[in-house]
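Enquirer: Per numbering that gives the first Met the number 0, residue 0 is the first one in the sequence shown, and the count goes up by one each step.
Check each hint, because a few of them may be wrong.
Within a straight-line C-alpha distance of at most 20 Å, the following computed SDA-like cross-link-like pairs (lysine to any residue) qualify [what the hints assert, rightly or not]:
1) K220 <-> L162
2) K220 <-> R115
3) K220 <-> A200
No wet-lab data here; the hints were simulated from the structure. Fair warning: this is a prediction, and the values are worked out from it, not measured in the lab.
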Amino acid sequence: MAADTAEQEAGAWAGVAAAADAILSEWDDVPPSEAAVTGFDPGTDLERRTTPWTYSLRSHGLGELCRFAAGLALVEADGWRTDHPQLATRAYEDRRFLLSDRLLHWAVPWLDMVGRCSTPHRELAHGARDQLLDLADVLRPAPLLVEGKEGLHLPGEDSFGSLADSGLGVLGCGVLLLRATVRSLTADPGRTRSLTDDDLADPEFRETFAVLFDVAAGRWKALAGRHEGSAQLWLDLGERANATAARVRAGTISS
0 MAADTAEQEA GAWAGVAAAA DAILSEWDDV PPSEAAVTGF DPGTDLERRT
50 TPWTYSLRSH GLGELCRFAA GLALVEADGW RTDHPQLATR AYEDRRFLLS
100 DRLLHWAVPW LDMVGRCSTP HRELAHGARD QLLDLADVLR PAPLLVEGKE
150 GLHLPGEDSF GSLADSGLGV LGCGVLLLRA TVRSLTADPG RTRSLTDDDL
200 ADPEFRETFA VLFDVAAGRW KALAGRHEGS AQLWLDLGER ANATAARVRA
250 GTISS
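Using the sequences provided together with the hints, build the complete structure.
Expert: Shown next, in the form of structure tokens:
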């Protein structure tokens, strides 16, 4: 039974990898990697995780990480079938921590925004997003265990790290801004994904921009209610979006 479950999970990981590869082949905006989405380079940590399995990542992108996770699921299945429970348990734990620490928190927002901003990729992106969320409901990397957060994180931090203003270019603001989003907000098809100080000096623009974060905050809260295994992540991201909306309205955020 455990071996069959692990094999099925390997298929789910492979499906997400295939979707990510298909999107990336036609994608020229923010790439699907933790460094691009959050600003944090996970290279050293990923090397530490892959070396014991003699696995070499070709990149730190979503597809490659999911292939590694699929491989760990197959190792787990083989461990149960060949009566090597320690190997199976280790593969399971490493896969769970990979999802928790290096994948879920940025991959779901990336897939979500790709699907919202690119109609041709919507079905693939949102299907892969939902598959990751379903995997998280099984592996439970970030459940909401207690009321409040005391003791869960260091002071001034949440599931995504420091609560200090991280700027609008990365996910720490509560929303992953893609180029298509900025072009829609500014009605300028030639814009990059960066806003200017002039954009943010306009009160009318700031209000429109703040609503983007209001809507995102509600969406993250709703997602937390639907997926208990990763609820803490989405509640934290929603709080970040609310905080950014307040700073945008107050005119205290810069490009």
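Enquirer: Next, verify each hint and record whether it holds.
Expert: Consistency of the hints with the structure:
1. K220 <-> L162: Given that 20 Å is the threshold and the Cα spacing comes to 18 Å, the pair holds.
2. K220 <-> R115: holds, 17 Å
3. K220 <-> A200: Violated, at about 29 Å.
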